[in-house]
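Q: These protein sequences, in sequence, are chains A and B. Here the first sequence is numbered in this note's numbering, starting from 1 and rising by one per residue. Here the second sequence is numbered in this note's numbering, starting from 1 and rising by one per residue.
Don't take each hint at face value.
No copy is singled out in the list; a pair is fine if it fits within one copy or between any two copies.
Claimed, not checked - Heads up, simulated SDA-like pairs for lysine to any residue below, C-alpha to C-alpha not over 25 Å straight-line:
{"#": "1", "residue 1": "Lys636", "residue 2": "Gly42"}
{"#": "2", "residue 1": "Lys185", "residue 2": "Lys717"}
{"#": "3", "residue 1": "Lys642", "residue 2": "Phe154"}
{"#": "4", "residue 1": "Lys395", "residue 2": "Asp603"}
{"#": "5", "residue 1": "Lys121", "residue 2": "Gly545"}
{"#": "6", "residue 1": "Lys306", "residue 2": "Arg68"}
{"#": "7", "residue 1": "Lys368", "residue 2": "Val508"}
{"#": "8", "residue 1": "Lys185", "residue 2": "Gly226"}
{"#": "9", "residue 1": "Lys60", "residue 2": "Ser213"}
{"#": "10", "residue 1": "Lys185", "residue 2": "Thr230"}
{"#": "11", "residue 1": "Lys235", "residue 2": "Tyr216"}
{"#": "12", "residue 1": "Lys720", "residue 2": "Leu677"}
{"#": "13", "residue 1": "Lys671", "residue 2": "Ala467"}
{"#": "14", "residue 1": "Lys636", "residue 2": "Phe154"}
{"#": "15", "residue 1": "Lys60", "residue 2": "Glu221"}
{"#": "16", "residue 1": "Lys185", "residue 2": "Arg68"}
{"#": "17", "residue 1": "Lys185", "residue 2": "Tyr240"}
{"#": "18", "residue 1": "Lys43", "residue 2": "Asn96"}
{"#": "19", "residue 1": "Lys185", "residue 2": "Met227"}
{"#": "20", "residue 1": "Lys93", "residue 2": "Tyr577"}
{"#": "21", "residue 1": "Lys388", "residue 2": "Phe366"}
{"#": "22", "residue 1": "Lys720", "residue 2": "Val37"}
{"#": "23", "residue 1": "Lys306", "residue 2": "Asp724"}
{"#": "24", "residue 1": "Lys93", "residue 2": "Lys306"}
{"#": "25", "residue 1": "Lys324", "residue 2": "Val613"}
{"#": "26", "residue 1": "Lys214", "residue 2": "Thr48"}
{"#": "27", "residue 1": "Lys636", "residue 2": "Thr48"}
{"#": "28", "residue 1": "Lys373", "residue 2": "Lys717"}
{"#": "29", "residue 1": "Lys630", "residue 2": "Asp548"}
{"#": "30", "residue 1": "Lys636", "residue 2": "Ser71"}
Hints were generated in silico from the structure; no laboratory data involved. Being a predicted model, the structure only gives us computed values, none of them experimental.
Single-letter residue listing:
Number of protein chains: 2
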Amino acid sequence: MYKKIIGVVVFCWMACLTVKAQTPKQEVDLMPLPANVQMAEGKFRLQTDFRLALHGTFDKRLFGASSRFLSRLRDKTGLFLPQDFVGLDDIGKETNLNIYVKREGKVVLGEDESYTLKVEKDGITIEAATDLGALRGLQTLIQLAEADSEGYYFPALTIKDKPRFPWRGIMIDGSRHFMPIEVIKRNLDGMAAVKMNVMHWHLTDDHGLRVESKVYPQIQERASDGMYYTQEQVKEIITYAAERGIRVVPEFDVPGHATAWCVAFPELASSPWQYMKDQEGGKSEKKLGESPLALGDAPRLPPMYKIERHAGIWDATLDPTNEKTYEVLGNFLKEMMTLFPDEYVHIGGDENEGKQWDANPKIQKFMKKHKLKDNHMLQNHFNERLLKVIQDGGKRMMGWDEILVEGLPKDAVIQSWRGHESLVSAAKDGYQVLLSNGYYIDLMHPAADYYLVDPVPAEVGLSEEEAKNVLGGEATMWSELVTPVTIDSRMWPRSAVIAERLWSPREVNDVDDMYRRLDIISLELERVGLTHLTYREKLMRNITGGRDIGPVEVLVNASVPFRFYNRNSQGMMYTTYGSPYTLLADLCGADAVDALHFNNLVDTYVATNDREVKKEMQDQLNVWIANDQKIKNLIKVSPILKDAEQASANLAKVSSITLEVLSMEGTPDHKWYESKLKELEAAHHDGPFTEKFSSPEDVETKVGSRTSLLAVEGMIKLLKYKADKIDG
Amino acid sequence: MYKKIIGVVVFCWMACLTVKAQTPKQEVDLMPLPANVQMAEGKFRLQTDFRLALHGTFDKRLFGASSRFLSRLRDKTGLFLPQDFVGLDDIGKETNLNIYVKREGKVVLGEDESYTLKVEKDGITIEAATDLGALRGLQTLIQLAEADSEGYYFPALTIKDKPRFPWRGIMIDGSRHFMPIEVIKRNLDGMAAVKMNVMHWHLTDDHGLRVESKVYPQIQERASDGMYYTQEQVKEIITYAAERGIRVVPEFDVPGHATAWCVAFPELASSPWQYMKDQEGGKSEKKLGESPLALGDAPRLPPMYKIERHAGIWDATLDPTNEKTYEVLGNFLKEMMTLFPDEYVHIGGDENEGKQWDANPKIQKFMKKHKLKDNHMLQNHFNERLLKVIQDGGKRMMGWDEILVEGLPKDAVIQSWRGHESLVSAAKDGYQVLLSNGYYIDLMHPAADYYLVDPVPAEVGLSEEEAKNVLGGEATMWSELVTPVTIDSRMWPRSAVIAERLWSPREVNDVDDMYRRLDIISLELERVGLTHLTYREKLMRNITGGRDIGPVEVLVNASVPFRFYNRNSQGMMYTTYGSPYTLLADLCGADAVDALHFNNLVDTYVATNDREVKKEMQDQLNVWIANDQKIKNLIKVSPILKDAEQASANLAKVSSITLEVLSMEGTPDHKWYESKLKELEAAHHDGPFTEKFSSPEDVETKVGSRTSLLAVEGMIKLLKYKADKIDG
């Protein structure tokens, strides 16, 4: 999921940015926006006599969800709402908030999640076909709580709501950096808050196999560094998710991304190999399977598999010509299909470059014999074997783009990460598909970029039937560069805009209104337990050693981390557990507030030449200029901040240039213009890096802070405007 | 542990505050301070070539502890230290940091935790008898990391260190408010950071039985609201603690504090009872055990046991005359003694007022028959039965003060919560004792109060042999008024000063230096994962709805929550799960920084009449006065803050009075003095409340914000000084 993404992702974004329809501003501060809202007159006043009652038939998850709703309402309003645990006693008696449910919901793809919410002056009603719909309605209701000088209230309205797509997910990579279950839990709460319904759990990769197997204990014993989910914990997570109406789809990535698989099962690797040392402590050199000598090569040191510590695409690949591979994966998948109740099982299948296959004469011989013309067909052969295991288990197989080759049964589901093209053609061919291209939240693009990616843009021309094959989408959170401390901040609040894209009607796409509502949902997400806001204060205190965090905050609010995977150029600067994740780039979010605001000011100024706007820009620029000395002073006592020295100096420099541009009468001299433009562009520091680095120190020297100055976009625009290069 | 504590705790603190010895200021910013520090010349510079190596014989916990040490060092310094997981490859090769250990440590009472740490210009050495000593040494070393303009370094020095007491604990109440295991884990990390070595886990109380029993599943099924620790989780916590050199001592509180026991086992209650309804859903009225009619009373509605939702001391008590009680507790304790490996088992035994015993003719008859003169002797009879079970399990029984009555075997350990008197006399009688009186961190006293409580003050006159009976002490965190979000802030950083009291020599007791170092360790505690700092930003954002938190912060930094249990007067205002814990009182810490600073300014001013100090006080008072309007404005849009309206108005009012006092020439008129003194005292709002409340709203009206203005202490002093009531 690493190297090759850049080109295609950009392609897709460019295509989608042309969607520029504007919908009228909504009257409610909800995210995702409902399918239909009718405002009414009046308010339901929230008092300490507030109670809720349940009616009809529903799963007991509604007890818990109702109790959590009350708890959040108490925390948000400070009101003593004495009804604590909603239970059997709360069924059937009419009160302030009545929830009517027709039947028990099932946490499966396509379950009815619709609901109607009606707030009137003297009562609130939620009606839903299933308890899952009621859960979604309660999430809407809590977001509706507003305040005026008299206290808290819900505005009178009627909402009729249902999701646009049935699959609205986030993939969390628990392999590259292990994420303990409390991280998973709080993210499930975040997902529930924005009505997402699938957690795709990436459980194996080069960096570790993270799920306990009782059939093959070497999985966790050899290939997890001791960091794995026990089966008890997996069950706990599945229950926790189901209580929130969220499915858990496990992914076991094969045959590539398999370094850790080869650590656990070296005998299944596609490359000649040999045990150097029995990992369980024995001293003898064992030789299992074929010896490298049997290949007729001169004797050489065989590769030894070690859990991977760097990002990138690695060679280790399972051997699809070895029957033992199918025996092990078959038994393992059977065990996992019992553990995970969901109908879907994800087998990964991405980014297998087949280098080990090309180099292995035995594999080449097999391909010839079976008339498999290339590695794609060999991988398809492998997939078909797994498909049978999965079908025998009564489940459906899914995988990334690459599994789709000629002859793949229509039963398989394709998750598209490479682009719309593959998604569209698969949907036309009758495969069920999911979009992830454009939803790579780990790439640290601003929220707007993700927001405007539509799984079924009008212009792709799918028929209604074909469009139904597009199940929805998934944000993907690959964890090369995140820890349990920082991961929330890379996922939230931006995932909320993907949630809206997948829930709300296609026509909901006003970017300004999205950003406005995003600030509100961000607080709501903090309330449910996410740490995307607090972690920043924590890391800033760490950096300043308890001193004033102000100057760091100024810098952070003007900067964004390098996008794509450029922060970790070549994948070699950072290692999983040998690098610090407490630097400026970890602190910066994808939407640097002050920079975004400055860029907006530039737009306004270019359009209006307003003096007030000019004054505000000047004030901001002066703050940025003055901040550099403060950062320099801090670095003397907090050397960890040295990492940000260049970024701070650049910010001061481009701010000075821009001040000069602003105060200029007339257009600048052409030579001056060219040189300043160059300086601005140089300070931007975004885009791919192509240098080769010899060591981490070398990278540090060359790359500096691994952050970009987002406001340079506005600054360049302003310079061009002054130089008459663009129209006002 | 509730009502009666106030008197005795005050007594003890008063006694201890007389200890006022001053030790010379230390040159290292450590907490706890080591037994012996010798500073040397030079610095060990931290570079990316930094590695550690292990030598000798040790438990594998040292691998994990060393890896965590490196990880914290990376996070703190931002350095890429590539040695990630310390393991077998890191044994025996000399490098920058060498750790020499003689033997495997055991996580048992009295294990050797001593270590010697030597930092020289070109290398660091830790020597310890056991790996536990090495763990303590690594915690010291990470705290020693300092910075100058050249980078990070450790100062050259030699530390020879060992603990004063072998039992340095914190009791965490997981019953009143359930604390999920991630809360327990991060608190274990906090404990390890300050070298504490016992987590006393209060697992049962009126509010819930929180541990899974496989022998009696009704324990978790009926009496936990679904919130309990599974046996897997208990094992996980015990392992997690042992990896940090921390013992886990479980407490099962009997025969009082037993409401939840009576929910799970109504047939064991001391009061006539009857099932109103089978908790598992049956409709029939079952009668188990003796019918109330058998007592000869007229028919009446029997009490039904429900899990308690309020704080307080409740009547439900197990029946010590019922053989079934011993059968159930015996089997349960046997199960738990297998689950918990520690030698000590805590049976609680506190605050049994015996009301149900007095009222039960069958129990009265039993007492007469067995010549048990009072309820104490009846409880002793009960304890002796449990003691036998515990001894048969090869373990030692411990309990709160109340278990100590004539005839208690010397084998039992007494935990003293009622005062030094009981501790001293028990130690003299040859019992092993632990001090908790004076360490009730939930009472929200300032750090200094706890710091000066010595388990063996010089003046109590214990012989050296008797003093050895004092094993140490435990901070106690009762959880009536805390949630998983707020609990860290009620425990930390203050518990660090108790850790120092129990680790460092008696002579270490300079309060000013303690407060200085407390600010430093507080950041270190945040680094290990505690949330005592970030939770505040989170709750302030919740209160302001994302608006500027400044005005709330001003108020918070001037206020402290009501001490003792006065915030929750009568124990009736708050319920466990029906009340908000997001109010001003939840935000305020025990040591309000601005108020403490103001009070210090008053002291300086009274001593020096310094004009600069006067100016600084005036500035602060003006900030407090101006803040009230900002709070008033915020309340209009954030009604949750209405709770703080009175506190804010009081702060402005007393600040105005104090400004007037400050600007006064000469002494005030006596009548004016008296009236202002009254106003100041009235605004203080601390101390016990004795009013009766009819409802939560009534409490709110009467109590206001449930916070006190700590600076009023200084303000009153200033007024008295101006009025010539105290000497300068």
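Q: A separate judgement is required for each hint: does it hold in the structure or not?
A: Against the structure, the hints come out as follows:
no., hint, in the structure
1, Lys636 x Gly42, "between (58 Å within a copy, 19 Å between copies)"
2, Lys185 x Lys717, "neither (43 Å within a copy, 51 Å between copies)"
3, Lys642 x Phe154, "between (49 Å within a copy, 19 Å between copies)"
4, Lys395 x Asp603, "neither (53 Å within a copy, 75 Å between copies)"
5, Lys121 x Gly545, "between (52 Å within a copy, 24 Å between copies)"
6, Lys306 x Arg68, "between (44 Å within a copy, 21 Å between copies)"
7, Lys368 x Val508, "neither (53 Å within a copy, 80 Å between copies)"
8, Lys185 x Gly226, "both (20 Å within a copy, 17 Å between copies)"
9, Lys60 x Ser213, "between (30 Å within a copy, 24 Å between copies)"
10, Lys185 x Thr230, "both (15 Å within a copy, 17 Å between copies)"
11, Lys235 x Tyr216, "both (18 Å within a copy, 23 Å between copies)"
12, Lys720 x Leu677, "within (8 Å within a copy, 67 Å between copies)"
13, Lys671 x Ala467, "neither (54 Å within a copy, 85 Å between copies)"
14, Lys636 x Phe154, "between (52 Å within a copy, 16 Å between copies)"
15, Lys60 x Glu221, "between (37 Å within a copy, 15 Å between copies)"
16, Lys185 x Arg68, "both (14 Å within a copy, 24 Å between copies)"
17, Lys185 x Tyr240, "both (7 Å within a copy, 20 Å between copies)"
18, Lys43 x Asn96, "within (13 Å within a copy, 68 Å between copies)"
19, Lys185 x Met227, "both (17 Å within a copy, 16 Å between copies)"
20, Lys93 x Tyr577, "between (55 Å within a copy, 21 Å between copies)"
21, Lys388 x Phe366, "within (20 Å within a copy, 72 Å between copies)"
22, Lys720 x Val37, "neither (43 Å within a copy, 64 Å between copies)"
23, Lys306 x Asp724, "neither (58 Å within a copy, 78 Å between copies)"
24, Lys93 x Lys306, "between (62 Å within a copy, 22 Å between copies)"
25, Lys324 x Val613, "neither (70 Å within a copy, 81 Å between copies)"
26, Lys214 x Thr48, "neither (51 Å within a copy, 40 Å between copies)"
27, Lys636 x Thr48, "between (54 Å within a copy, 19 Å between copies)"
28, Lys373 x Lys717, "neither (52 Å within a copy, 92 Å between copies)"
29, Lys630 x Asp548, "both (10 Å within a copy, 23 Å between copies)"
30, Lys636 x Ser71, "between (46 Å within a copy, 23 Å between copies)"
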